[in-house]
Structure formats: C-alpha cells, structure tokens
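Asker: Below, each chain spelled out in residue letters.
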Amino acid sequence: MSPPFALRAEAIAKRYRLGARIDPNPTLRDSLVGMARRLSRFRGEAAPAPELWALDGVSFEIGAGEVVGIVGRNGAGKSTLLKILSRITEPTRGRIEVYGRVGSLLEVGTGFHPELSGRENIFLNGSILGMRRREIAARFEEIVDFAELEGFLDTPVKRYSSGMYVRLAFAVAAHLEPEILLIDEVLAVGDAAFQKKCLGKMSEIAQGGRTVLFVSHNTAAMQHLCRRGILLEGGRVVADGPMEGVLETYLRGLRVATPWDLTGWTDRQGAGRVRFTAVRFEDEAGTAVSQGVSGRPLTIALDYATAEGEAPLAERRWPNCRVSVAISDRLGQTLFNCSSELVIQDPIDLPATGTLRCHIPHLPLSQNQYLLTLFLEVNRQVEDWLLHAVELEVVDGDFYGTGRLYPDGWRGKGVLVPHRWMTP
Amino acid sequence: MRIQTEEESVSRPPDLVIEPTSGWRQPLALGDLWHYRELFYFLTWRDVKVRYKQTVLGAVWALLQPLGTMVLFAWIFGRVARLPSDGLPYPVFAFAGLIPWIFFSNALGSAGNSLVGSSHLITKVYFPRILIPASAVLAGLVDLGISLGGIGGLMAWYGIRPTWWLLMLPLLVGMTVLLALGVGLWLSALHVRFRDIRYLIPFLLQIWLFATPILYPRSVLPERYQWLSQLNPLSGLIEAYRVALLGGGAPLPFDWPGLGLSAVGTMLLLITAIYGFRRMERTFADLV
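Top line first, the protein sequences correspond to chains A and B. So that you can map any letter, position 351 of the first sequence is 351 in the numbering used here, and since no number is skipped, the others follow by simple counting. So that you can map any letter, position 157 of the second sequence is 157 in the numbering used here, and since no number is skipped, the others follow by simple counting.
Bear in mind the hints are in silico, worked out from the structure with no lab data behind them. Certain hints may be false.
What the hints assert, rightly or not - In silico lysine to any residue, SDA-like type, Cα no more than 20 Å apart, as pairs:
| # | chain 1 | residue 1 | chain 2 | residue 2 |
| --- | --- | --- | --- | --- |
| 1 | A | K158 | B | K53 |
| 2 | B | K49 | A | Q207 |
| 3 | A | K197 | A | E177 |
| 4 | A | K201 | A | R139 |
| 5 | A | K196 | A | D145 |
| 6 | B | K53 | A | Y160 |
| 7 | A | K201 | A | V166 |
| 8 | B | K53 | A | P156 |
| 9 | B | K53 | A | R119 |
| 10 | A | K196 | A | Q207 |
| 11 | A | K158 | B | G109 |
| 12 | A | K158 | B | Y52 |
| 13 | B | K49 | A | R119 |
| 14 | B | K49 | A | R133 |
| 15 | A | K158 | B | G117 |
| 16 | A | K158 | B | T55 |
| 17 | B | K53 | A | E115 |
| 18 | B | K49 | A | T155 |
| 19 | B | K49 | A | F123 |
| 20 | B | K53 | A | K201 |
| 21 | A | K158 | B | V56 |
| 22 | A | K197 | A | P407 |
| 23 | B | K53 | A | D154 |
| 24 | B | K49 | B | G109 |
| 25 | A | K158 | B | Q54 |
| 26 | A | K158 | A | G109 |
| 27 | A | K158 | B | W45 |
| 28 | A | K158 | B | R51 |
| 29 | A | K196 | A | R119 |
| 30 | B | K49 | A | G109 |
| 31 | B | K49 | A | S117 |
| 32 | A | K158 | B | H120 |
| 33 | A | K158 | B | D47 |
| 34 | A | K158 | B | V50 |
| 35 | B | K49 | A | D154 |
All chains, full assembly: derive it from the sequences and hints.
Answerer: Here you go:
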C-alpha cells in the first residue's frame, strides 16, 4: 500500500541575511573586523544585519501520486522551497516529513563535465542525480534513444552543439525514477520539436503515478500538467487548491499594481530641485496595472514634486521643462525614447507638484522585461535623471490584430513595428 | 487534498525528516555516506579521468613532477649546499620524501579549491558535500602509484634493495590520505566562506615543505628543535616512508614513536575536520 503522504511541510521558514547576499564572500579581514566590532560593543548591541524571509511559515501536505504546480512571481520563494525540499539548503525553522525517495531537477545537465564523453557523462550525471549505477546501465539505451545521439557517444561533450548537449542532459534527467520528483523550470529545452517531446515526457511522468512538484513560469504547461496548484507570495502560501483557480488568483495578482516609489531612490543625477516621486502604469481606462500588454495602450504616469526649501521660479511654475522616458532592454540597450521635446511644440511650464503622463497608444514591445530611464530638465538644466530605475514587464498581446503572437524564439529581440506586406 | 486518513499515515515513519540543525552536535550521517558510495566512486573517477586531458604527456606528468623537483633540489641542496642525507645518495633520499609530499600538496591544493570549484553542483543537487574534497584527495592516488614505480627505477639504478619494511607502505599511504583529508576538509570548508584561503594555500604548502624533513634529514636540526619538528604530523610520516622504501640502503632506524605521534596528530586533525565540516556544510549552498 502506498503511503498516504509524500510530503508534509510544517511552518517552514528560511531566512537570508541580506548582508551576506550583497557580499557573499566575506574575506577573513571582514570577519576579523566584524568580530572585533562585536567584542568592542557591550552585550551584543550590534545592529542586526538586514534580513529577508524568503519563506515565512509555509505548510502543506502533498499526497502520494499528486502532481502539484507551485506558482508565484519572482522572489515569492518558489526556488527556495524547492532547494529546501531537495536538501540543498536547510530551513531556518520548521519541519518536513518526506515519505519516499526524492529526486530533484533544478537544472538539466548538473555536473556535466565538458572533457568527458557523452557515455561517461550519462553515468556521472545520472549518479549525481541519485541514480544507481545498475539503474543507469539498465536504462542506457533508452536515454541514448531519447537524446537522439547515437554515433556521438564517445565524443567529449564540449564538442557537442548546444542542442545536443541539452538533449542529452534532459534525456538523463527524464529517466530519473524517484518516488517524489521536484522540477524547476526545465520543462522546455532545445528546439521546437524536442520541446514537444520534453513536454510529452513530462506529462507521461506526471500521469505515471509519481508525486511531482513543478515550479515554472510557463502557466500553459502548468495548467496542462498539474491538477493542484500552490500560490506563493512573499514567502507565504496564499492559495492552495485546483490549478485553474490558483492560476486565476495568480494572474489577477499580477494586475494589481503598486506604484514605484522613487522618493528613497539615491542613484540619481541632476540638480534635484524638482524630482520624480513615483511611477505608475495605467491602462486605457486609467486603472493602475503592473504590466503592459503588447499592442494595447499604456500610460506611464510620473509623479513629481519640488524639493523642500526650493520654490519654482516665475509665477510659481518651473519654466521651459523637458521630460522624457527612455525604454531599454534588460541589458540597458536603449530601444526608444519618448521625449516631450519631440511631440510638444511650445516650451512646457510645470506647477510645483503634479503628475506627468506619457501615453503610448499601441505598446510596441514583445513579451519581456524592460527598464525605464526617467529624465527631467528645467531651463536646460538637468534636475532629475534616473538611469534604468523602473522595470516594466510586458506580456504578449495581439499587436498585429491578427491573433498571432510574436513567436517564442523572437521574444525580446526588438521592438514591434506595424507593417504591411503587398503580395502579387 | 488528502488521499488517505490521518491514522494510516502514522503507521509508517517518514523516510526523511528535514529540520534545521544547529551547534556542534551534528550526527555524522554515515548511512548517508554509504548511500552515496557510488557517487563517491564516480566523482573520484571523474577527477582521475579529467586530470591529464588535453595534455601531451598525460600521466607521464605524475612521474615528471617529483622527478623534476628532485633534480632541482638535488642540485641545490645536494651539490651546492651539501646537505647530509643519512648516508644515502641525495637524489634517492630526496625522491623518497618528495613522492608522498607531492601527493600531499596536490591533494591539499585540489581539495582546498574543490568546493568552490563545484559551486554549480552544490547549489543544484544534494549529496554529502564531504564527497567533493574527499574525491579530490583520493584522485591523487593514481599519481602516487605511478611515482612509486619511478622510485623503484631509481633504487635499481643506485643498487638499493627493498626490504620487508616495504610492507609498511599501504599503512603509510593510508595515513597520508587521512592527513591530507583532515587538512583538506578544513581548507575546503573555510574556503567557501573566506576566499582568502585560495591565496593562503600555496603559502601554507611552501612553509610546510621546508618545515618537514623532506629535503633534509631530521638529524640536521639542532637537538632543542627536534620536538618542534615532531609536532608536525607529516614529519614522522615522511621519515617512515624513507625507511619503508629505502630501508635496506642505509642504517635508518624505524622511528615508531615518531610515527605514533603522526598518527595521533592525524586523527585529531581528521576528527575535528569532520565535525567542523559538518557544521559549516549547511550554509555552503547559501554562501558558495
């Protein structure tokens, strides 16, 4: 008889010290200095290092044979949870009972050595993933078949193309047979055909009676594979139940926007008499949103205020202003610039405080994350300049009005441009 | 989402309980080590296999490394400085000490850097971390075997015959491995937290080489410093190697108390290293 539970987590919590994150490799000197400081202060009055609870009291029970998807935005604690379940890192508090053998796939190709041949790497990688030598040998043919690599088995993997490499890595991982499988973001690798094969293998695993925990951003795949979902937010479980409902809650959560508060932002240039204080994104109805949609209208609302002790010059207005928002990709490469100078003929005079709105009628960006640079000038003097200060998340939308989405492989590779083709 | 009732779940204890651990009272988790014995084999095998990939001379380096060092030191210390060598030809004398030394220093070097070099494994998959430095130490045994063959040739050249003391060799090699493991575990674990270790290791090895009677016999040390040399667990070991390998060639007494002291020092280092390592192990994935 199978055990009723595969996993039972009780109030697990994980704390990271932020100091350690910023400087993960303290040198001996730092440590000695720190120690001396602690000694010189009385009774541990040292200011505690800032800390972050990546997980904060997460409890759940997972039955044997259940396939569960864990969703949540970046930083919600999904990866930390998988790391704790797979024993890579310890929880700070709490307790987890595990019934059965656990295998984890947080990455494909873990431990591949470039100098070793494909055959050698199958054994090395398999054993790193927790397979017994006998098991690997028994499934060897199957793995090679799946990876479509016959004839290259004795070639060092450093000579493999990246496609071959990923295929081999996934093939080994897919033949892992623990009772409980933890999977992080490895669903789709390789070219389109192989991706389909991977997803097929995944649903085979999911339906094979094993307990599986998936973490992925691919909501379509999650919906297809998992019946139950757990939504994490800020290190806590905020929803747990049938996948569809959980995904709905998750996607709704993405739409609720909090304005980017810029008042505490220190990395800025300019005279600073007038400064941006907050940024919001709004849709066509003026409702705050947290992301843009390709092809839909997007309004970037910029709150600004005059610094304390400063007063606008003439008639309580800042004269001759120029404001711009530059949009760049995540590497900081500027894609385009929306500047008031380009679209407004007359010089603008601004009141002491207010909100500037930049309206983009059809957002020409494909699904990706982008960075905004904000710029404000008064009378040819730079007042506030925040380089790459704000992140804008864009999701796929019907930009071309044809119902066709920008293909996956092209995403983030540039700006969408309206165009037409005339054919003979 | 319960599939069966609470009561049934009580019937079977969990296979694994994940909880925070703290303090020095760590279980040694020997069962865990046994469970991962195959991975230990594969990691060691990988280190051996990869060692001389894409080198022209391959495993010949295992012989060239001590041989080159020996020729250099034989010239400097044997010819120029005219160090005594307990009545043995200086090249053989030095070579017999350099063989275990080179194994030891390579082992410390690779074990010391092993955890940081395997950060991609540590952050992605669980297994007892001790396997990483341990396999780095063991992988050097192949080289040690090859260079032991080399000294056979050198002894034949000088007409030195092996004696029954040679049977001590496996014991001595075992002790060297344990000593290298003890120091290697400390270095590798501290290296995860303090990247200073990378720069400290070559310096430590240089001091250790000259603080150990490898290139000189212990008899050249003044009487009142002899005890200091004995504190170094490698001293007794190196001298024992010399007797085991060259015993027939020179009137060398086998220094049992010296070897005993080495054994005690080795065990102390190893035990503290294992506990220290276990204690630091749980933060590796967060720090590496």
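Asker: So, for every hint listed, does it hold in this structure?
Answerer: Right, here's what the structure says about each hint:
| no. | hint | in the structure |
| --- | --- | --- |
| 1 | A:K158 to B:K53 | holds, 12 Å |
| 2 | B:K49 to A:Q207 | violated, 39 Å |
| 3 | A:K197 to A:E177 | holds, 18 Å |
| 4 | A:K201 to A:R139 | holds, 15 Å |
| 5 | A:K196 to A:D145 | holds, 16 Å |
| 6 | B:K53 to A:Y160 | holds, 17 Å |
| 7 | A:K201 to A:V166 | holds, 15 Å |
| 8 | B:K53 to A:P156 | holds, 11 Å |
| 9 | B:K53 to A:R119 | holds, 16 Å |
| 10 | A:K196 to A:Q207 | holds, 16 Å |
| 11 | A:K158 to B:G109 | violated, 26 Å |
| 12 | A:K158 to B:Y52 | holds, 16 Å |
| 13 | B:K49 to A:R119 | holds, 13 Å |
| 14 | B:K49 to A:R133 | holds, 18 Å |
| 15 | A:K158 to B:G117 | holds, 18 Å |
| 16 | A:K158 to B:T55 | holds, 16 Å |
| 17 | B:K53 to A:E115 | holds, 7 Å |
| 18 | B:K49 to A:T155 | holds, 14 Å |
| 19 | B:K49 to A:F123 | holds, 13 Å |
| 20 | B:K53 to A:K201 | violated, 35 Å |
| 21 | A:K158 to B:V56 | holds, 19 Å |
| 22 | A:K197 to A:P407 | holds, 19 Å |
| 23 | B:K53 to A:D154 | holds, 14 Å |
| 24 | B:K49 to B:G109 | holds, 18 Å |
| 25 | A:K158 to B:Q54 | holds, 12 Å |
| 26 | A:K158 to A:G109 | holds, 13 Å |
| 27 | A:K158 to B:W45 | holds, 19 Å |
| 28 | A:K158 to B:R51 | holds, 16 Å |
| 29 | A:K196 to A:R119 | violated, 25 Å |
| 30 | B:K49 to A:G109 | holds, 19 Å |
| 31 | B:K49 to A:S117 | holds, 11 Å |
| 32 | A:K158 to B:H120 | holds, 17 Å |
| 33 | A:K158 to B:D47 | holds, 17 Å |
| 34 | A:K158 to B:V50 | holds, 13 Å |
| 35 | B:K49 to A:D154 | holds, 14 Å |
Comparing the model with each numbered hint stated earlier shows that hints 2, 11, 20, 29 do not hold.
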